[in-house]
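> With these hints in hand, go ahead and build the complete structure from the sequences.
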Amino acid sequence: MSPQSRVRVTSSRRGASTARARPVARDLDEQTTLGDVYIDGLIRAQRRLSLRVLAVLVASLIGLPLLLWEVPSIRTMTLASVPLPWILIGVAIYPATWSLARWYARATERLEADFIAVVEEQ
Amino acid sequence: MNSLLSAVSVAVVCLITLLVGGLGLRLSRATSDFYVAGRTVSPRLNASAIGGEYLSAASFLGVAGLIYDRGVDMLWLPVGYTVGYLVLLVVVAAPMRRSGAYTLPDFAEARLGSRRIRLASSVLVVGIGWLYLIPQFHGASLTLTLVTGAPDWLGGLIVMVVIGLAVGAGGMRSITFVQAVQYWLKLTALAIPAFVLLAIWFRQGAPAPVTTTAWASPFAAGGVDSHPLYWTWSTLIALCLGTMGLPHVLVRFYTNPDGIGARRTTVTVIALLGFFYLLPPVYAVLGRGYLPTLPASVRSDSIVLQLPATVLPGLAGQILTAMLAGGAFAAFLSTASGLAMSVTGVLDQELLRPGLARATGGDASEIGGFRVSAVLAVIIPYLLSRVTAPLGLATTVGLAFTVAAATFAPLLMLGVWWRGLSRWGAAAGLATGAGGAIGAMALSIVGGPYDGWLGALLSAPAMWCVPLAALVTVVVSVATPGSIPSGTARIMVRLHTPERVALARSRLRD
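In order, the protein sequences belong to chains A and B. Going by my numbering, the residue at position 6 of the first sequence is 6; the numbering climbs one at a time, nothing skipped. So my numbering is basically just the index in the second sequence, starting at one, shifted up by 1000.
Treat the hints with caution; some may be incorrect.
[What the hints assert, rightly or not] Each pair of labels, with its calculated beta carbon distance range: (1) T33/A - V1387/B: 53 to 63 Å; (2) L1471/B - V56/A: 17 to 27 Å; (3) I62/A - A1191/B: 28 to 38 Å; (4) L1278/B - E109/A: 24 to 34 Å; (5) R1115/B - R22/A: 31 to 41 Å; (6) L1015/B - I116/A: 42 to 52 Å; (7) G63/A - L1015/B: 43 to 53 Å.
Note that these hints are calculated values from the structure, not bench results. The model shown is predicted, which means the values in this text are computed figures rather than measured ones. The beta-carbon is built from N, C-alpha and C at its ideal position, and this holds for glycine as well.
Okay, here's the thing in structure tokens:
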């Protein structure tokens, strides 16, 4: 093996642009087909999340009156000598509503953060 | 003595409202300040303002009165008022803020690109606003007459003048501060007397309230309605979905800095409302203990105001009564000013501004038209409140919720989440919902009361007319794909893309 002068090796495509230099945000803005795919994905994910919260809500608001209607013995139960229905409808339902709201707000902010990370990627 | 203290307390609340409104006046410069406070209100301030605006005569007096009168089934009303904000949160809060529109009619026009649907929405906003304003004037008259013996036209007149001045002078910016102060005023005014009365009740050995089974346990015979389960469900639907369609509620969301702010505000609102609604049942239960029967001429709406003087004769009772009267006026003033603000905005945009521009060739000042609209927005419902017999405060408010649930709720839900909504679909849905809800209520008030299922269906129409309106909207939209607005794709991008993503073309400038 004879000693040879070293040769610099370079890519022949060094000046060529990469496949995708513009962020998806511009596709969103210009309503291209690609932008539509992304925004549709976001809307679908958000809708699924909202429907989950609404499902919990509908089940409780249909279910609790129905339970009181179908099982009369619950109507007269007491907890620490306060009637149970008063505690459920008058007090317990408020922190439950707030917790659900807080959970939703956090979940949807996470969803949006993921979306932003994807569309602003170069 | 009693009447003097209460009169002073009512006067102080009115003065605070005007003073804080006046402070806002110096900050109001541009037209957008008048409408939505320049969109720079923080979530916490905004949440207090929403709470302050939302807790009306119905919440402060009406809920306790209804629970006192009809028992545990009425606890569902404040639940519905609160859960309405959860539905609003998951369905429209952020998209509505991102829509960039000022009012419900603005949204309808932006989404559907139709002047006619905008006009129909405007008529509904004014109608719902006035329907909601009438019980505020009734409540003010009832309160002032009860605590000071003033003639019954005076209370409503005071509220009308104060909100007319506050709205006409400062617009929304001043109202935001006023509303935030009034939430805390109302909570304090209802909480302190409640704790004092509870403490006295415990010291007296916690005597059991005089109750019947029908009052204390759900769905017992002689309760709310011939079909109590249906009534409960239908009322919950009206309240949960109606909240998002109330004109003074949604306009608040435009004052948030962004969509995330709008959601955080709503979560705080739910907490604030939850705290507040723990209090009315206390008055109802204590009322059953100390005032088992009311004279036939006294409406149960007044139970909150009657209780302190009954439990605590003398000066202490008078001070508590004065406090409650002040809090009640804070409730009337805050809700009425929020409603008046929305109705004023719509009247100004649809009626006054185009009319003035035609009459003066474009010379009239914008703020002048706004002030004329403010006067119109309060005088007409005041006059209506003088000629209508008061139903229960919470009952009248319920009518406004039902109309909002049957008209705006399907439009907003489908408009935000479904690309397929067409102009004809939206118009047909609005017509069905408005016709069904207003028709049923008119029939049951004028021709009723009816017995059995007919009476139940007519007096609580939300359970059938909200799904019907939504169904008609969807079916007609599917049948008329040609009238799906061409800008739908762009609007969907605007409604759902987070603000941090830069959109130069799809978003409106604030």
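> Taking the hints in turn, state whether each one holds.
Here is what the structure says about each hint:
With their beta carbons about 59 Å apart, T33/A and V1387/B fall inside the hinted range of 53 to 63 Å. Between L1471/B and V56/A, the C-beta spacing of about 24 Å keeps the proposed range 17 to 27 Å intact. One distance hint, 28 to 38 Å for the beta-carbon pair I62/A and A1191/B, holds here, with the actual separation near 32 Å. Distance hint for L1278/B and E109/A: a CB-CB separation of about 29 Å, consistent with the stated range 24 to 34 Å.
About 37 Å separates the C-beta atoms of R1115/B and R22/A, a value consistent with the hinted range of 31 to 41 Å. Restraint check, L1015/B to I116/A: a C-beta distance of roughly 48 Å satisfies the suggested window 42 to 52 Å. Look at G63/A against L1015/B: about 48 Å separates their beta carbons, and that is inside 43 to 53 Å.
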